[in-house]
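Following the hints, complete the assembly by docking chain S with the ligand onto the known chain Z.
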Amino acid sequence: MPFIQNSESDRQEMLAAVGVRTMADLFEQIPAELRHNGPLPIDAGLSEDELRAEMTELASWNTPMAAGCFLGAGMYRHFIPTVVDSLQGRHEFVTAYTPYQPEGSQGTLTAFFEFQTMVAELMGMEIANASMYDGCSAATEAVIMASNLVRNRTKVVVSHGVHPHTRRTLETYLKWTEMEVVEAPLGADGRTELGDLADDNTCAVLVQNPNTLGVIEDLDSIAATTQAAGAISICSAYPTSLGLLRSPGEAGFDIAVGDGQCLGTAPAFGGPSFGLFACAQKHVRKMPGRIVGETVDDKGRRGFALTFQTREQHIRRAKATSNICTNNALIALRGAIYMAAAGPHGLAEVATYSLAKAQYAAKALGAIPGFELPYKDAGSFNEFVLKCPVPAARVNKAIDAVGMIGGLDLKAWYPELGENCLLLAFTETTTRAQIDQLVSALTNLAAPQPVA
Amino acid sequence: MNKDTLLFEKSRPGHRTLRLGKLDVPAADLSLLPKGSLRTKAPVLPEIGELDLIRHYVLLSKKNISIADSFYPLGSCTMKYNPVTNEAVVQYPGLADIHPEMDAGRVQGALRIMKRLEDGLAGITGLPGVTLHPAAGAQGELTALLVANAHFEATGQTKRTKVLIPDSAHGTNPASAAIAGLEAVEIKSGKDGLVDLADLESKVGDDTAVLMITNPSTLGLFESKIAKIAEIVHKAGGLIYMDGANLNAIMGISRPADFGVDMMHINLHKTFSTPHGGGGPGAGPICVTDELTPYLPSPRVVEEEDGLRLDYNAPQSIGMLRGWPGNFGVLVRAYAYLRRLGAEGVKRVAENAVLNANYIRVKLNKAYHVPYDRMCMHEFVCNNKHQREKGVHALDIAKRLIDLGYHPMTIYFPLVVSEAMMIEPTETESKSTLDAFIADMLMIAEEAQSDPDKLHAAPVTTCVGRLDEGRAVREPKLRYACYKD
Ligand SMILES: Cc1ncc(COP(=O)(O)O)c(C=O)c1O
Numbered sequence: 001m002p003f004i005q006n007s008e009s010d011r012q013e014m015l016a017a018v019g020v021r022t023m024a025d026l027f028e029q030i031p032a033e034l035r036h037n038g039p040l041p042i043d044a045g046l047s048e049d050e051l052r053a054e055m056t057e058l059a060s061w062n063t064p065m066a067a068g069c070f071l072g073a074g075m076y077r078h079f080i081p082t083v084v085d086s087l088q089g090r091h092e093f094v095t096a097y098t099p100y101q102p103e104g105s106q107g108t109l110t111a112f113f114e115f116q117t118m119v120a121e122l123m124g125m126e127i128a129n130a131s132m133y134d135g136c137s138a139a140t141e142a143v144i145m146a147s148n149l150v151r152n153r154t155k156v157v158v159s160h161g162v163h164p165h166t167r168r169t170l171e172t173y174l175k176w177t178e179m180e181v182v183e184a185p186l187g188a189d190g191r192t193e194l195g196d197l198a199d200d201n202t203c204a205v206l207v208q209n210p211n212t213l214g215v216i217e218d219l220d221s222i223a224a225t226t227q228a229a230g231a232i233s234i235c236s237a238y239p240t241s242l243g244l245l246r247s248p249g250e251a252g253f254d255i256a257v258g259d260g261q262c263l264g265t266a267p268a269f270g271g272p273s274f275g276l277f278a279c280a281q282k283h284v285r286k287m288p289g290r291i292v293g294e295t296v297d298d299k300g301r302r303g304f305a306l307t308f309q310t311r312e313q314h315i316r317r318a319k320a321t322s323n324i325c326t327n328n329a330l331i332a333l334r335g336a337i338y339m340a341a342a343g344p345h346g347l348a349e350v351a352t353y354s355l356a357k358a359q360y361a362a363k364a365l366g367a368i369p370g371f372e373l374p375y376k377d378a379g380s381f382n383e384f385v386l387k388c389p390v391p392a393a394r395v396n397k398a399i400d401a402v403g404m405i406g407g408l409d410l411k412a413w414y415p416e417l418g419e420n421c422l423l424l425a426f427t428e429t430t431t432r433a434q435i436d437q438l439v440s441a442l443t444n445l446a447a448p449q450p451v452a
Numbered sequence: 453m454n455k456d457t458l459l460f461e462k463s464r465p466g467h468r469t470l471r472l473g474k475l476d477v478p479a480a481d482l483s484l485l486p487k488g489s490l491r492t493k494a495p496v497l498p499e500i501g502e503l504d505l506i507r508h509y510v511l512l513s514k515k516n517i518s519i520a521d522s523f524y525p526l527g528s529c530t531m532k533y534n535p536v537t538n539e540a541v542v543q544y545p546g547l548a549d550i551h552p553e554m555d556a557g558r559v560q561g562a563l564r565i566m567k568r569l570e571d572g573l574a575g576i577t578g579l580p581g582v583t584l585h586p587a588a589g590a591q592g593e594l595t596a597l598l599v600a601n602a603h604f605e606a607t608g609q610t611k612r613t614k615v616l617i618p619d620s621a622h623g624t625n626p627a628s629a630a631i632a633g634l635e636a637v638e639i640k641s642g643k644d645g646l647v648d649l650a651d652l653e654s655k656v657g658d659d660t661a662v663l664m665i666t667n668p669s670t671l672g673l674f675e676s677k678i679a680k681i682a683e684i685v686h687k688a689g690g691l692i693y694m695d696g697a698n699l700n701a702i703m704g705i706s707r708p709a710d711f712g713v714d715m716m717h718i719n720l721h722k723t724f725s726t727p728h729g730g731g732g733p734g735a736g737p738i739c740v741t742d743e744l745t746p747y748l749p750s751p752r753v754v755e756e757e758d759g760l761r762l763d764y765n766a767p768q769s770i771g772m773l774r775g776w777p778g779n780f781g782v783l784v785r786a787y788a789y790l791r792r793l794g795a796e797g798v799k800r801v802a803e804n805a806v807l808n809a810n811y812i813r814v815k816l817n818k819a820y821h822v823p824y825d826r827m828c829m830h831e832f833v834c835n836n837k838h839q840r841e842k843g844v845h846a847l848d849i850a851k852r853l854i855d856l857g858y859h860p861m862t863i864y865f866p867l868v869v870s871e872a873m874m875i876e877p878t879e880t881e882s883k884s885t886l887d888a889f890i891a892d893m894l895m896i897a898e899e900a901q902s903d904p905d906k907l908h909a910a911p912v913t914t915c916v917g918r919l920d921e922g923r924a925v926r927e928p929k930l931r932y933a934c935y936k937d
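Line order of the protein sequences matches chains Z and S.
Anchor point for the first sequence: position 449 equals 449 in my numbering, and the numbering is continuous, going up by one each time.
Counting from 1 along the second sequence, just add 452 to a position and that's the residue number in my numbering.
Since the hints were derived computationally from the structure, they do not count as laboratory data.
According to the in silico footprint, chain Z covers these stretches of chain S (three or more CB under 8 Å from chain Z):
hint : region
1    : 454-462
2    : 494-503
3    : 761-773
4    : 793-804
5    : 872-885
A quick note: this is a predicted structure, and the numbers were derived from the prediction, not measured.
Beta carbons are placed, not taken as given, at the ideal position from N, Cα and C, and that holds for glycine.
Next comes chain Z alone, as it looks inside the complex (with noise of 0.2 Å):
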């Protein structure tokens, strides 16, 4: 069998031991009746090597996105450095368990603390911990958190170009609480217009930056504007762009959280990847997730260790500040080798590159004939909206016949726009070649076809 090392003589010495003849003897507690004596619906077995096949032909029916591909919208594909699978790799990350036995986790731990400072850093805040899932989750355990920092409001504003996946895992952990959602609408700009929405009922305000629509947020006016209406302001934002783009701490928001994926990880078909948090030190007793600590050891020395678990649900239960138990941690630590390898100067390079690629696309783009830039003065990051003189599934058509894999049809998303808007979405490692090959395969599209 594989993976079970024990021969059958092992085992008949074991069941001796045990007092008992055969492995059906172990299972006593369970009444014959409900055993189950038939297969199960389950195919045989296989070695390692036909594994291995049989992987790689499910593998070959999918489209690396190595060819070309403009989709982002959450997920980028980014340059991952060699050292970050070679680092994350090594089996005493792999196979470790969260680090509950402090003195033998040091590994973890300290990796840990450190990303805590990083992320801290990078999204401009005092403190981070140790990851949640994702992006989604993160931001929808900081209106939870909110809600707990700002007792006896029911409301939360989100706006329209927070990611519609957060959005509806923020309605899904909401409808059976008192807490309501109401959306902030987009202007003409792209940009959020929160109008008078921050009530005094108000008990959050949840924006992400840039927004879904790839625009660049007024993020001090959004901050300043929460605060005076005494709530805590949430900004999601794209770690990647915080190499260039002001901090959610520098704008004044009171809880930072964003997607890790683009720190150091493959898109992987959406996961797994981790939630950044990051807020001020005096709100940690109301943070969800793990906390790693320094403290010392019994001879003075320096060491590190999980930390405010009295919040944590195996302490408190039913009146934690979350359920959450199992993070993301090993996608985390890719995170923090990522950051660390790039440090302040890469992090800078790789968004600057990707902001010089979208804007090479969106000059092309923007002049043919027939193709708009509608939130080109709002200015965006490496993303942007493009509105097409046909339907987006047809140009996403057109960018398929040269062999690249085109953008988002916004149309499911954002129907108000229409069916003719595309995001397209461009990082370090789009090449200028696929971008010129992108702007002939639209310039065709929108040629006047021949009359026939």
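Okay, now just chain S with the ligand, sitting in the frame of chain Z:
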């Protein structure tokens, strides 16, 4: 050379690992960005070259205890071998370099893996509706409770607001109930460690939404009256949720659907061998009855004539609980594991896990007090009753194990046994490893009598000794101070 410095202490201006090649388009024009949208202060991230970066993390890795270097009998966590093949497979470009918004036609392999994994889990549990969406066990619990909420709302039973939870349950159970807007009500364990039927009957009623039951329980015992328990709850109109964290003990032997379970979660990062990664990521799929399937979260994998696709718009779905379909990389590993096992292997896993646990139990049940000393499932709980008068606590025994080259068992859980020590060897350990562990545990029992201070002082072989956890709270230092003030 000081091998304990932090990245920030190693940082030197101008050092760097990641440097991109030449930009092949004109430089970015920052003037096109709105005024005030740029950072004014760069983040203080470490500046470090590749070799120093590698040394840093390699040194850190050596400060961990892991399955790869040590026996790790951490009860409730199922620390079995994590097949290395699976770590290689997830890196295939066709499985890693794919975007969740690609057209279904371009990701049929990914969707097929998900579908086959769903089918496999349905077969093992007997529950036909499966979602792979939840990010971990706790999120699976919450998902199921929201499914129950949706079901009761759809059937006009809005007064069902209570969740019955045995006192031996994991902390995530009551915490998930609270987030679902439900009230957790504790059910007592009886003298035999199983759910006390009288207490259950006194608390179940027309306000009962769900009974959350862990089976096998966290005491490593099968709830032998589970069919009766299910009958009581069903009669009152409630649903049975099974915390399936301990599925490893019964898969292929008994199907939860056959003992009345309506919904359950499975920790793929336990039973299905996906690695714990120092705390995650995991995946917590849930399996439910046909009746509850329409409420499962979005997206769902649906099969149509021209292939599989993701449906984000199932009308009765409770919605999303995270981004995208699920922790796909974890699902791929679980699928690969299931393919290696096959139907036969699934059953062998359970049998060998139970055999290994019982083998340790019968060898240790004299030196250590085993409160429920009968045939156990995949794990058993003992405590320090025989060591207590020497002032030796579960913590001391655990720390001494570290010095002897082990990761300790789970301690102080479940709460129903004082100073619990919960031992789960898993099926992948060999008899010789178990024999060595047994010998060391017996030695510790002796040391507890002859030299208890040795246990109090442990561990002494690790890079740090016992940490002052009180100080970490009193004087919180939650990040490196990047600035001198
Ligand atoms: C019995 C039990 N239930 C639930 C959980 C929660 O699962 P997770 O950590 O994946 O959220 C765990 C493990 O941590 C567990 O042991």
